[in-house]
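Trainee: Taken in order, these protein sequences are the chains called A and B.
Here my numbering is used: the first residue of the first sequence is 1, the next is one more, and so on.
Here my numbering is used: the first residue of the second sequence is 252, the next is one more, and so on.
A hint or two may mislead.
Stated by the list, open to error - Subject to a maximum C-alpha distance of 27 Å in a straight line, what follows is the list of computed DSS-like cross-link-like pairs (lysine-lysine):
#1 A:Lys-107 <-> A:Lys-198
#2 B:Lys-328 <-> A:Lys-72
#3 B:Lys-321 <-> A:Lys-75
#4 B:Lys-327 <-> A:Lys-57
#5 A:Lys-107 <-> A:Lys-197
#6 B:Lys-431 <-> B:Lys-397
#7 A:Lys-198 <-> B:Lys-431
As the list claims (entries may be wrong) - Covered stretches of chain B, as calculated for chain A (at least 3 residues, CB under 8 Å):
#8 319–332
#9 412–424
Calculated from the structure, these hints are not laboratory results.
Given the structure is predicted, the values throughout are model-derived calculations rather than measurements.
All C-beta atoms, glycine included, are put in the ideal place defined by N, C-alpha and C.
Listed below, chain by chain, are the residues.
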Amino acid sequence: MKAFNNISARDRNLLILLLAAIIFYLSYTFVLTPGIEKSGLLNGDIAATQDEIARAKELIENRNDLARQENKLRKDLVDKYAVFFTNLDQVELLHKLDTLMTGTGIKANSYMASILTVSSVELEQGGFAPLNYPMLDLAKNIEPKLYEGEPSEQLAITAGQEGDTPDRIPCMEIIINYNTTSYDSVYNFIYSLEQLKKTVIVKSIDYTKQEGYLEGQLILDFYSIPQFDTTQNDGLTFVPVIPQGKANPFS
Amino acid sequence: MKDYNFFDEFQKRNKMHINFASPAFLGVLVIALIIVFSAGLMLYNTILGARLTSMTKELTAIHESQEYQKADELQKKIGALTEYDQYAGTAYEKIKSGDVLGTDFLYAFSRILPSSVSLQNASINRATATFTFTVPNRQAAAELVKHIDESDLFVQTTLISVVSQQGATGYNAIINSILKAGE
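So that you can see chain A by itself, here it is in the shape it has in the complex (with noise of 0.2 Å):
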């Protein structure tokens, strides 16, 4: 202090400014600039808080609508969806399409089952490659109404597509061979299968007359998505009535 007071009052006025400019710096590097910092972020949360728990309201408000409107939807989804299958159980198909083919007059000598494998559906075009060349495009532009109508396009002849798509389901492919029927029985079987109203496609079909009757090959798809509701039903389900328990079971 002795020091301070004998310096001229000039250099006491510097050294005053000096230590003034030295504490501001410091202030505002490590008080003032992270303090407006973090009075900036503590107001960004109370904001965002202040939106979450005005929302969190809203909705405690709204749960009865929510719950209506939940049910709402559900139910519809139950009815727009009711033609797909729910459950590919092999043993309910196996009853089904049985009573199916007894019932239309199908003698099949196969039932082979896929196991269930989950893709997405498998998108089939069925399109044509024109053929283009210089002098069509010309006569196109000379007399385009002989030409209306036509693709101008080409198109894939088949087209097939794979991959981690979001509407991958499940699908069972069912083949069953057939001999010594009638075309009735094929036309009637298949037609049943429509009357099922579900997802079921007939992906193939072979039939070679063979003395009077047809032999051949069906192969189905069946479609599944997931249950979601409990009233949901395929409709499938059957109750065995052959009597169980035998003392030798090669008798």
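Starting from the known structure of chain A, fit chain B onto it as the hints suggest.
Mentor: Frame of chain A, contents of chain B only:
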């Protein structure tokens, strides 16, 4: 005896003169302002922190309430159902567009065949079909291909061969076709 004035210092201070224009005063003022502002900022942040803590507690209490959990669960279910609808809808549209081999097709196909031809074999796999017919003559084969080609069932029809049957009258006509599908 000496007369002491114990208030001498105090009286001196009372007469202290502050020069507001002096750098010393300005320096002290700046420091004082910085200290006051810093303290104010810290106090402000403390208040904000306390407010945030209080609001967080309130939010936690709301989140833990049964009403909120039920409402939140409902909202998630609605979201899941909406997404489910979207995916199932896409899958269903694809299935519908691929469902071309049915009784409608078989019935329509029978209707376009000339009465004098007879189908011997049909192999239809999705959009690709191969037919073998027994035809009495090449004229009938030509009419058969024309009818198939002009029907709305196929986008392309190709006659592969017309071969006379061995040991019998008539011909075997093999036709490849591509069904209209996925449109």
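Trainee: Cut-off 8 Å, C-beta pairs, minimum 3 residues; does the coverage of the region 319–332 of chain B by chain A stand?
Mentor: Per the Cβ count (9), the hint holds.
Trainee: Is the Cα-Cα distance between Lys-321 (chain B) and Lys-75 (chain A) 27 Å or less?
Mentor: Measuring from Cα to Cα gives roughly 19 Å; hence the hint holds.
Trainee: Lys-328 (chain B) and Lys-72 (chain A) were given as a pair; does the straight-line alpha-carbon distance stay at or below 27 Å?
Mentor: Satisfied, since the Cα-Cα distance of roughly 12 Å is no more than 27 Å.
Trainee: Check the hint pairing Lys-107 (chain A) with Lys-197 (chain A) against an upper bound of 27 Å on the C-alpha distance.
Mentor: 24 Å, holds
Trainee: Between Lys-327 (chain B) and Lys-57 (chain A), is the straight-line Cα distance small enough, at 27 Å or below?
Mentor: 16 Å, holds
Trainee: Run the distance test for Lys-431 (chain B) versus Lys-397 (chain B): straight-line Cα separation, threshold 27 Å.
Mentor: OK: Lys-431 (chain B) and Lys-397 (chain B) at ~17 Å, within 27 Å.
Trainee: Assess, step by step, whether the Cα of Lys-198 (chain A) is no farther than 27 Å from the Cα of Lys-431 (chain B), and give holds or violated.
Mentor: Holds, at about 22 Å.
Trainee: Closer than 8 Å, Cβ to Cβ, for at least three residues: run that test on the region 412–424 of chain B against chain A and report holds or violated.
Mentor: Result for this restraint: violated, n = 0.
Trainee: Check the hint pairing Lys-107 (chain A) with Lys-198 (chain A) against an upper bound of 27 Å on the C-alpha distance.
Mentor: 23 Å, holds
The structure shown violates just one earlier hint, number 9.
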